[in-house]
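Trainee: Here is how the chains run, residue by residue.
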Amino acid sequence: MTSSPHCEIDTATTDILILGSGGAGLFAGLHAKQANPDLEVTVAAKGLIGKSGCTRMVQGGFNVAVNPGDSVERHFMDTIIGGKWLPRQDLTWRLCETAVERVQELENELGCFFDRNADGTLHQKAFAGQSFDRTAHKGDLTGIEIINRLMEKVWALDLVKLEEHRAIDLIPAKDQSGIAGVLMIDIRSGRYRLVRTKTVLLATGAGPSMYRYHTPSGDKSCDGLAMALRFGLSLRDMEMVQFHPTGILAGPDTRMTGTILEEGLRGAGGYLLNGAGERFMTNYDPAAERATRDIVSRSMYQEIRDGRATQQGGLFIEMVHLGSDRVRQMFPGMVKRCGDCGFDLAAGRVEVVPTAHYMMGGVQMEIDCTTSTPGLFVAGEDAGGVHGANRLGGNGVANSTVFGAIAGDEMAAAIGRGAPLRDPDPEFVERAVARAEKPFGHSKADLSGVRERLWSVMWDKVGILRTADGIREGMRGLDDCRETLTGIGVEDHDRAFNLTWHDWLNLDNQITVSQVIANASLARDDSRGAHFREDFPTTGNLEQSTYTCTRFENEQLIQEMTPVAFTIVKPGESLIDGEAGAPRAAQNGDPS
Amino acid sequence: MEKSLFLAQRITAMILAPLAIIHLGLTLFAVQGGLTATEILNRTQGNIGWALFYSLFVVCAAIHAPIGLRHVINEWTVMPRRWVNALVIMLGGVLLLLGLQAVAAVY
Amino acid sequence: MAALAHRLSGVLLALFLPFHFLLLGSALEGADELDRYLRFADSPLVKIAEWGLVSLLCIHLLLGIRVLCLELTHWPHRSEKLRSWILPSVIASMLVGLLFLVRAF
Amino acid sequence: MSPTDTANELLKVRIWRGREQGRLVDYEIETRKNQTVLDVVTEIQHRLEPTLAYRFACRVGVCGSCAMTVNGRPRWACRTHIKNVVTDNTLTIEPLRNLPKLKDLVCDMAPFIETWQKAGAPFSGTATRHDKPAAVKPDSAMRLAADAALQCINCAVCYSACDVVNWNPDYIGPAGLNRAWTLINDVRHSKRELTFELAFGTGGCGSCHSHGNCTRHCPVELRPSESIAGLKRAAFSGLPEE
Ligand SMILES: Cc1cc2nc3c(=O)[nH]c(=O)nc-3n(C[C@H](O)[C@H](O)[C@H](O)COP(=O)(O)OP(=O)(O)OC[C@H]3O[C@@H](n4cnc5c(N)ncnc54)[C@H](O)[C@@H]3O)c2cc1C
Ligand code: HEM
Ligand code: SF4
Ligand code: F3S
Ligand code: FES
Chain A
0 MTSSPHCEID
10 TATTDILILG
20 SGGAGLFAGL
30 HAKQANPDLE
40 VTVAAKGLIG
50 KSGCTRMVQG
60 GFNVAVNPGD
70 SVERHFMDTI
80 IGGKWLPRQD
90 LTWRLCETAV
100 ERVQELENEL
110 GCFFDRNADG
120 TLHQKAFAGQ
130 SFDRTAHKGD
140 LTGIEIINRL
150 MEKVWALDLV
160 KLEEHRAIDL
170 IPAKDQSGIA
180 GVLMIDIRSG
190 RYRLVRTKTV
200 LLATGAGPSM
210 YRYHTPSGDK
220 SCDGLAMALR
230 FGLSLRDMEM
240 VQFHPTGILA
250 GPDTRMTGTI
260 LEEGLRGAGG
270 YLLNGAGERF
280 MTNYDPAAER
290 ATRDIVSRSM
300 YQEIRDGRAT
310 QQGGLFIEMV
320 HLGSDRVRQM
330 FPGMVKRCGD
340 CGFDLAAGRV
350 EVVPTAHYMM
360 GGVQMEIDCT
370 TSTPGLFVAG
380 EDAGGVHGAN
390 RLGGNGVANS
400 TVFGAIAGDE
410 MAAAIGRGAP
420 LRDPDPEFVE
430 RAVARAEKPF
440 GHSKADLSGV
450 RERLWSVMWD
460 KVGILRTADG
470 IREGMRGLDD
480 CRETLTGIGV
490 EDHDRAFNLT
500 WHDWLNLDNQ
510 ITVSQVIANA
520 SLARDDSRGA
530 HFREDFPTTG
540 NLEQSTYTCT
550 RFENEQLIQE
560 MTPVAFTIVK
570 PGESLIDGEA
580 GAPRAAQNGD
590 PS
Chain B
0 MEKSLFLAQR
10 ITAMILAPLA
20 IIHLGLTLFA
30 VQGGLTATEI
40 LNRTQGNIGW
50 ALFYSLFVVC
60 AAIHAPIGLR
70 HVINEWTVMP
80 RRWVNALVIM
90 LGGVLLLLGL
100 QAVAAVY
Chain C
0 MAALAHRLSG
10 VLLALFLPFH
20 FLLLGSALEG
30 ADELDRYLRF
40 ADSPLVKIAE
50 WGLVSLLCIH
60 LLLGIRVLCL
70 ELTHWPHRSE
80 KLRSWILPSV
90 IASMLVGLLF
100 LVRAF
Chain D
0 MSPTDTANEL
10 LKVRIWRGRE
20 QGRLVDYEIE
30 TRKNQTVLDV
40 VTEIQHRLEP
50 TLAYRFACRV
60 GVCGSCAMTV
70 NGRPRWACRT
80 HIKNVVTDNT
90 LTIEPLRNLP
100 KLKDLVCDMA
110 PFIETWQKAG
120 APFSGTATRH
130 DKPAAVKPDS
140 AMRLAADAAL
150 QCINCAVCYS
160 ACDVVNWNPD
170 YIGPAGLNRA
180 WTLINDVRHS
190 KRELTFELAF
200 GTGGCGSCHS
210 HGNCTRHCPV
220 ELRPSESIAG
230 LKRAAFSGLP
240 EE
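Residue numbers (numbering that gives the first Met the number 0), protein chains in the order written: chain A, 0 to 591; chain B, 0 to 106; chain C, 0 to 104; chain D, 0 to 241.
Wrong hints could be hidden among the right ones.
[To be verified] Derived, one-sided and incomplete: chain B residues facing chain D with beta-carbon distance under 7 Å:
hint : residue
1    : E1
2    : K2
3    : L27
4    : F28
5    : E74
[To be verified] Straight line, CA to CA, 35 Å or less: simulated DSBU-like cross-link-like pairs of lysine-lysine:
hint : chain 1 : residue 1 : chain 2 : residue 2
6    : D       : K117      : A       : K160
7    : B       : K2        : D       : K32
8    : A       : K335      : D       : K32
9    : D       : K11       : A       : K443
Quick caveat, the hints were computed from the structure, so don't treat them as lab data. Note that the Cβ used here is the ideal one computed from N, Cα and C, for glycine as well.
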């Protein structure tokens, strides 16, 4: 098979190879180059550098304890409580501590111009689940400012840029001593390219795009997680998928469906209404619409499942009682966005549905972003353990920028210590090519059927409310999806920018990672954070918390539960004087 | 360089604006029933004010127009930059020369 | 549109101005000479050319003032407001040109 | 995505296929109530033309990857509702103007992104990651000027709309100059003079003829033409000061 002219492989060599150009990838590139300008640093992204991924889509902002009234301890406690005691505490501490330096770096060295208070200091807004207003932001589109500034700097540096290069597999050394390189497809030409390198950063941003409704950018299909799994790494907390309550429901034929309306709408007093036009959140939680993301998402899902949905299967958000002019003035961007899907947010109702937003789980990493494989680093949404069972709004970008930069520093240091260029395992390369070539052997057919099947299976069976039976049914559904996909072919005559080929590869990875989510969901028989089991609706004993680990061995998924080490605080304790356990506002879920 | 040219063009434009308005008004006023040389000369001959007025007009136009044309030629033709510069400098010279000659003639 | 009109009028002005100067410059040869030219200038053809020059100057002037306002003044959203400048400018120039013609005959 | 609420009516879509050389190919799909230009292109790729190339990422108008020429005008595909652009039941979709064509609707954005550097970016500060952020009054004139021009999604719509970019290969273009203007109004930027020099250098804002197409087409309602006018004013009055 590899003898076909299509399967010729271009090769290149570099010192540091970064996969992904979100907050994690770009910061890694910047820091590696700053640490040692003589290193050859290559950034490869599936889309355009800086334009792909979710960091650009960040709306709310960046959590950082810089206000004198706030503290790293407080940020840490909020994150641990929010994560329901599952986070790996040394990672969380590093996140909160380094976020300060990172925001100051963004402001002072990169030129991000965050919003200010009247006295000129950084403005920080309230975000749900936090005991202090600590979210730094630029309007309601913070990610644009962060990524534009990073992009400018990175474009000015002498980096090797591989835009529109899709990594398809991590390649181990022939002698099993560590990572040797990454096999990619140059999307523009459709050719394979093997980049040999001393170190690799996996920063492809995970992204739960296997759910019918999802927020992440279209280039994210869990490629990094699937590659890590095939490589033999262990993924933790994979059952923890965060859903955002208010995704736009504009119909099945538009990509706008699933994209988010900001949380501030509920915070400002917007109503959620069911298909009959009645408010329902009051039946579920005293905080009603202002309850936390997970509670609102679950209540909405239940309302929909119980048949009180709109015709399209969603619910409504309504703002008009706040005065349409005021809504227009408070949320101009959201009003315009809804207008583009044919809804009038200010004066009418907009159809919404909970939407899959973020994956707390990911590759197990150490505090210096290393993994169990020498030379392989991980950062950003691809990494697991920082957030535990739930992620606070504003800790996502903090996570990717904090650890991305650490990874950059550490990769440069690793090379300083003599990280070798290893010989790639040719067998592994051959298998990777064979996997990517699979669809070309078959007669072509429409992929939409598999995509929709996958979306429904995950949404209905491994989604917001889960049961053991449902998950098992979901697993069978995933097997079906895999089987159908294997039989579907893709047109071979033009491989350059062949999106349908990449759709196929996306689905392949999404199904793989969906299987991991299903396995981990089945293994966790309690409800906590983002994971809710209707057959086990309560949270287990916190002191004996364990987290899920999933890995591939001999073509089988191996599932394990590992005890959480409470290295900094134990359940019931707090780092904050006078507050047993946690800051009160965090426990209750701040209603903003 | 680009900045100086830009400034020169806009400043001359600002000077030209009132001059052109006066000139236009005058032309309309004077043209009544056809011009005669004597009429023009009567108005202008020996009048240092008018001479200065038109000299300024000519100088400004000789700066303003070549800079404008330079852009036009650069953008709409493939003529090498060097030639364009030479050409418009020549044009400026011609304008200046003919213009001042005309002013001198009617003075 | 406005830019095109401005540009064409500017270029044409630049091209015709030397001839205009040449004409006036012939006053050097004496008033008679100029008179002969001006008599010649009575012919409709030249009238029309002169009319062109006046209209061109006028339109270039008005649109030029528009550009100056766009660039050198500081009121927000001026580009939209100044879009309405275009048609009146053209009409005004036509009127001035017409006036010139009427008076010239 | 299954076809729903099909309104039987057919939409005629003409799409540029090929690279620098290419042609318009006709497709027909059913008109639906809720579709953007990106959705139309996606549907054609999913159902009719699997090798059709186009680019998108965020699908909500923040990444600036999806711009294309729709019925003659540059637009962001993901946020352009077809009901606002269809004429005679036809959509003609071509790649952006003024950029090298890679395949079908995909352009090479690199020359456009490079204009940032030509215009004097990136930012260069004097404070470091160990310092507190500078105090900047939110209502100061410079901050307001910078704020008004900051949230560019670098979609190249303005670059594609500007005739001068088309005529003058050296011209930096509206987006890069717009960025320069934000830097010049950033009190923290230590190379304001240099940025200004570059923004006014060869192909700089002296080449802009205030056509205003940039401002007219910018999908996020920035006003590059006014930023450029600001730079031009600074040529008379010097750099803005607090
Ligand atoms: C709409 C939205 C709003 C959000 N709002 C907030 C917020 O307000 N606050 C907050 O803290 N967090 C927020 N988040 C979460 C946050 O954006 C992400 O967690 C974070 O930005 C992830 O950064 P990253 O660098 O890991 O990945 P990303 O920024 O997603 O980047 C991933 C990169 O990897 C590339 N890639 C993917 N697959 C491959 C492959 N196979 N080969 C090569 N490259 C590949 C992509 O092209 C991209 O360049 C939001 C997320 C979304 C979707
Ligand atoms: C009197 C003779 C004049 C001539 C020959 C002349 C010629 C020109 C030319 C050729 C251009 C270039 C057009 C372009 O770049 O698109 C130009 C531009 C310009 N002219 Fe004039 N002009 C004259 C008078 C004026 C006057 C009186 C004004 C004043 C209001 C003026 C204002 C401008 C401006 C502002 C521009 C810049 C336009 C741009 O860059 O797009 N001009 N002129
Ligand atoms: S200024 Fe507007 S049109 Fe131009 S690149 Fe930025 S967002 Fe796009
Ligand atoms: S369209 Fe072009 S000419 Fe100037 S005002 Fe905008 S950059
Ligand atoms: S897809 Fe991101 S702007 Fe359109």
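Trainee: With reference to the structure, classify each hint as holding or not holding.
Mentor: Now for the hints, and whether the structure bears them out:
1. At a threshold of 7 Å, the smallest CB-CB gap from B/E1 to chain D is about 4 Å, leaving the interface hint in force.
2. Hint status for B/K2: holds, given a least beta-carbon distance of 4 Å to chain D, under 7 Å.
3. Annotation: B/L27 was flagged as interfacial toward chain D, and the flag is violated, the nearest CB pair being 29 Å apart, outside 7 Å.
4. Checking B/F28 against chain D: minimum C-beta separation of about 33 Å lies over 7 Å; hint violated.
5. The interface hint given for B/E74 holds, since its Cβ lies 4 Å from the closest Cβ of chain D, which is under the 7 Å cut-off.
6. Distance check on the hinted pair: D/K117 and A/K160 sit about 19 Å apart at the alpha-carbon level, within 35 Å; holds.
7. Between B/K2 and D/K32 the CA atoms are separated by roughly 52 Å; this puts the pair beyond 35 Å, and the hint is violated.
8. Only pairs whose Cα atoms come within 35 Å are accepted, and A/K335 paired with D/K32 is accepted, the gap being roughly 18 Å.
9. For the proposed pair D/K11 and A/K443, the alpha carbon gap of about 25 Å is at most 35 Å, so the pair holds.
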